[in-house]
Each structure stands twice: as structure tokens, then as C-alpha cells.
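Chains as they are written, first to last, in our numbering: chain A, 1 to 113; chain B, 1001 to 1118.
In short, the hints are calculated from the structure, not lab data.
It is possible that some hints are incorrect.
To be verified - Below, in silico cross-link-like pairs of lysine-lysine (BS3-like), each with a Cα-Cα straight-line distance of 30 Å or less:
#	chain 1	residue 1	chain 2	residue 2
1	A	K42	B	K1017
2	A	K45	A	K2
3	A	K79	B	K1057
4	B	K1011	A	K45
5	A	K42	B	K1015
6	B	K1017	A	K2
7	A	K79	B	K1017
8	B	K1057	B	K1011
9	A	K2	B	K1011
10	A	K42	A	K105
11	B	K1015	A	K2
12	A	K42	B	K1011
Claimed, not checked - Between beta-carbon pairs, the in silico distance windows are:
#	chain 1	residue 1	chain 2	residue 2	range
13	A	A20	B	G1051	20 to 28 Å
14	A	A29	B	V1074	30 to 38 Å
15	B	S1087	A	D7	21 to 29 Å
In this text, a Cβ means the ideal position worked out from N, Cα and C, and glycines have one as well.
Take a look at the letters that make up each chain.
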Amino acid sequence: RKEVEQDPGPFNVPEGATVAFNCTYSNSASQSFFWYRQDCRKEPKLLMSVYSSGNEDGRFTAQLNRASQYISLLIRDSKLSDSATYLCVVRGYSGGGADGLTFGKGTHLIIQP
Amino acid sequence: GAGVSQSPSNKVTEKGKDVELRCDPISGHTALYWYRQSLGQGLEFLIYFQGNSAPDKSGLPSDRFSAERTGGSVSTLTIQRTQQEDSAVYLCASSPRWRQGMAGNTIYFGEGSWLTVV
């Protein structure tokens, strides 16, 4: 099983709709979780951290399910500008490489007018 | 500056030449990372520096790749005898030191150096 898995998509969603995607992780000792957004030919940028109790930032809601080892991202009232690739990032004190950071390969979202 | 700064933004080089890519992290960030991303692909970890500790080089794809970080700040990634498969964007990131149990500590990326080997 890959350390961090995401459905690559693409998810084609009409403007104004609600879309949700998940990310599963294999290391139960993982400590911190994040969603990044990456636009075409740009660097990844932090969208939001994911807290145990779940958290919301405007139209975006992130949830963590430790028992099932997944995090989710929900986007309400989607905008054309939400079109991007969404990267799931998991951080744990694994003692392994990359300072315990593992990036998913991303879910590609296309919002259609 | 306020963010991670990388140079050059774009580099076209001939196969077999050496290239150097520079990264200036966010001031005060002790951790510095290099990643590589080919078009349409995910991020590939290359190397990680934390303060004065020995770097984690576990992601370097071959001995043609090396990196150093001088004075705990600026880092240079060097690719010797470049090959066409080295063409990618090379992303540098930095973060404060992360400690177990700390929540919300994450990394910030520069805009990348786009390398094309012809």
C-alpha cells in the first residue's frame, strides 16, 4: 500500500456544485495533515491544515478520520478558480526520509462553467 | 524576502553540462528541502537539511546530484553531466524546525527552477 493515496481524477464538476475527495494514509503514527493546492506550472501552496476536530475555512472543510486513516476535503459552491490539483500531505515522526513528510500525487479538479 | 526565493527561474542547458540551482529560504527557517517534479507528475523528494545536522540525501537519484547549504541558510543544488531525463522543475521549500507533537507546522515552496536539458 502506498504511504499516501489519492484518486488522481480528473473530477469534472459544474460551477456551484459541491465536491469532495479523500486521501488515505498508511502510517498510523502520522501526526499532522495538510491540503495543498497546485495550479498548472506553479508551486504547491498551503490551502489548509487539517485538525483532529475538523476545520472550516470559508467554502472549504477538512476532516480527519484517524480510525480509518483518511482525510477529506469538501469544497462548497465551487468556483472556476478552484480548478487545480489538490495535494494531500501527511507528516509523521517516522524516522524516515524527507523529515517525515509524504506528499500524495494529487487530485485534479476541473470546475466547468 | 518574505518567501522562498529560487534562481534561476528558467534554465536551458546542453546535455553533459553542469548546472547549479540556488535557494534562499524564508528567514528563520531551519529546515530546507529540495523536490523535483516532472510535468504532470507528483513531487519527488531529493534532499533535506535541518540546521547543522547531516543532510538526508536519501532521495537523490544518482551521484550526479549533490547539494550543500552554507551557513544554515542558502542552498545550492548541483547537477553534473546533465541528462535529458533531468528536465523538470526543481522546487525548494523551507519550514521552521518541526518537533513531534506540534500541530500545523508545514513547509512553504519557492516558485521553482525550470530546467530543460537539450
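Quick rundown of the hints versus the structure:
This hinted pair checks out: A:K42 and B:K1017 have alpha carbons roughly 26 Å apart, not beyond 30 Å. About 23 Å separates the Cα atoms of A:K45 and A:K2, which keeps this hinted pair within 30 Å; it holds. Distance hint between A:K79 and B:K1057 is unfulfilled; the C-alpha atoms sit about 40 Å from each other, more than 30 Å. Using a Cα cut-off of 30 Å, the hinted pair B:K1011 and A:K45 holds, with the two alpha carbons roughly 23 Å apart.
A distance of roughly 25 Å separates the Cα atoms of A:K42 and B:K1015; the hinted pair therefore holds under the 30 Å criterion. Only pairs whose Cα atoms come within 30 Å are accepted, and B:K1017 paired with A:K2 is rejected, the gap being roughly 36 Å. In summary, the hint linking A:K79 to B:K1017 is not supported, as the alpha carbons are separated by about 45 Å, beyond the 30 Å threshold. Taking the CA atoms of B:K1057 and B:K1011, the gap is about 24 Å. The hint holds against a cut of 30 Å.
Only pairs whose Cα atoms come within 30 Å are accepted, and A:K2 paired with B:K1011 is rejected, the gap being roughly 33 Å. A hinted pair counts as satisfied when its Cα atoms are at most 30 Å apart, and A:K42 with A:K105 qualifies at roughly 15 Å. Between B:K1015 and A:K2, the direct Cα distance comes to roughly 34 Å. Violation of the 30 Å bound is thereby established for this hinted pair. With a C-alpha separation of about 16 Å, the suggested pairing of A:K42 with B:K1011 holds against the 30 Å cut-off.
Distance hint check for A:A20 and B:G1051: the Cβ-Cβ separation is about 39 Å, which falls outside the suggested range of 20 to 28 Å. In this structure the hint that A:A29 and B:V1074 lie 30 to 38 Å apart at CB holds, the actual value being about 33 Å. The supplied range of 21 to 29 Å is met by B:S1087 and A:D7, whose beta-carbon atoms lie about 28 Å from each other.
Of the hints listed earlier, those the structure fails to meet are numbers 3, 6, 7, 9, 11 and 13, in rising order.
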